[in-house]
Amino acid sequence: MLGSYSFGQVRVRIPVRRGYPLNRPANQPISKLEQIKESFISKQLKLTPRESSAFWPLYREYVQKLTAVRILKRMNNSDKSVDGTEQIRKDLDYESQIVAIKKQYSNQFLRVLPPEKVSELYKSERQFNDEALRILSEKSIRAGD
Amino acid sequence: MFYLYNDMKSDIENRDWINGYASLKQISPANPFTVPAGYFNDLEDRIVSYKNLREKYNGTGDGFTVPAGYFDELTGNIEGRITVEDAVNTDNLGLTVPEGYFDELDSRIMGRVRIQEALDSAQPFSVPAGYFEQLNKNILDKTVNLDKAGRSGIVRKLYATRAFKYATAACFALIIGGGILILQLTSPQYVHTHSFLHKELSNVPVDEIKSYLQLNVDPGDTQQTVTAEGATVKEDNLKKALQDYVDSVQ
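From first to last, the protein sequence lines stand for chains A and B. When we follow the working numbering, the leftmost residue of the first sequence carries the number 1, and every step to the right adds one. When we follow the working numbering, the leftmost residue of the second sequence carries the number 146, and every step to the right adds one.
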């Protein structure tokens with residue numbers, strides 16, 4: 001299953017793997033991990049109903065765009081990618097796109113949330129990712145890897 | 146004297162002599178001068194007695210004599226006496242009682258008697274009978290004579306019962322166990338493993354977590370977390386999973 005995203009002049013197809021829908025329609029149920037993340041962020045930010053209704057569509061859009069560019073960046077840096085100036089240019093371009101997306105959505109978040117909650121959003125994302133990494137580490141140890 | 150009296154009486158009764166005194170005839174013949182009955186019968190005795198008494202007491206003077214210069218000093222003495230009387234004020238010697246004093250005297254005396262009886266019966270400072278007689282001996286027995294007695298008193302060990310030992314051991318075990326439990330409950334590891342995020346993510350399949358990390362985490366962030374927290378994610382496995390992912394996309 002593939003989704004289509006456009007960033008600047010680059011148009012890529014985004015894969016959807018193992019229950020993590022990147023191109024999820026609005027009425028499509030989200031994965032369990034996604035539910036946990038949104039629940040955690042909601043708990044940390046203590047959003048009001050008005051803030052929540054404005055924030056979550058924006059945030060999901062932000063995550064989708066950011067993830068799409070990261071996938072492209074990884075693909076460009078894979079072993080199968082042809083070495084050369086084109087690969088270097090694309091890598092820098094993807095980095096710029098990531099920064100641009102973060103800036104764009106940072107401003108949009110500030111329109112619907114106070115600055116303290118926007119800061120808390122980034123911290124909560126970091127905490128969630130760290131915890132996910134810890135869980136993966138614990139499960140790897142138990143599995144004997 | 147008796148004959149003279151009788152002659153006078155007969156002359157008075159016949160009243161012949163009145164002819165010689167014309168002015169007397171104008172006076173009522175009723176005698177206004179009467180004497181008690183028998184007055185003249187003992188008149189002689191009384192006269193004699195009077196005469197004897199007069200003779201007896203006339204020899205010692207008048208009987209009413211005053212010291213020399215008595216009347217000269219009388220005025221000064223009287224004034225002095227008045228002054229002394231005023232100073233002493235014999236009328237107000239302080240021997241007065243309040244009004245109604247004797248009316249309430251009985252009740253006050255009985256009340257005082259009852260109070261005294263109550264105080265006597267509730268004497269807080271009492272000692273046993275013969276206390277002071279044996280006080281010196283008791284003090285000596287407990288001080289200088291103690292060594293002589295050889296200290297033969299019975300010494301009992303407190304807290305020597307078996308039940309007390311078990312209870313003490315149980316208390317120590319409870320305290321130590323409680324301390325360990327509190328340390329465990331407040332340790333960062335316990336707090337982390339019982340956090341909301343840890344419990345929720347523990348139920349997520351590993352593959353799903355891997356996919357999420359590959360798509361949402363920058364390699365730099367992952368490396369920092371692994372290094373800082375000492376997470377034991379094997380780099381080869383993570384790289385292999387990432388390569389599989391990229392291969393599947395292509």
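The set of hints was computed from the structure by calculation and includes no laboratory data. Note that the structure is a prediction, hence the values are computed from the model and not measured. One thing to keep in mind: the hints can contain errors.
Derived pair list, reagent style BS3-like, types lysine-lysine, alpha-carbon separation capped at 25 Å [said to hold, decoys possible]: (1) B/Lys344 / A/Lys139; (2) A/Lys43 / B/Lys196; (3) B/Lys282 / A/Lys32; (4) A/Lys32 / A/Lys46; (5) A/Lys80 / A/Lys90; (6) B/Lys282 / A/Lys123; (7) A/Lys46 / B/Lys344; (8) A/Lys123 / A/Lys43.
Structure-based check of all given hints:
{"no.": "1", "hint": "B/Lys344 / A/Lys139", "verdict": "holds, 13 Å"}
{"no.": "2", "hint": "A/Lys43 / B/Lys196", "verdict": "violated, 156 Å"}
{"no.": "3", "hint": "B/Lys282 / A/Lys32", "verdict": "violated, 94 Å"}
{"no.": "4", "hint": "A/Lys32 / A/Lys46", "verdict": "holds, 21 Å"}
{"no.": "5", "hint": "A/Lys80 / A/Lys90", "verdict": "holds, 15 Å"}
{"no.": "6", "hint": "B/Lys282 / A/Lys123", "verdict": "violated, 87 Å"}
{"no.": "7", "hint": "A/Lys46 / B/Lys344", "verdict": "holds, 20 Å"}
{"no.": "8", "hint": "A/Lys123 / A/Lys43", "verdict": "holds, 13 Å"}
In summary, the structure is inconsistent with hints 2, 3, 6 from the numbered list given earlier, while agreeing with the others.
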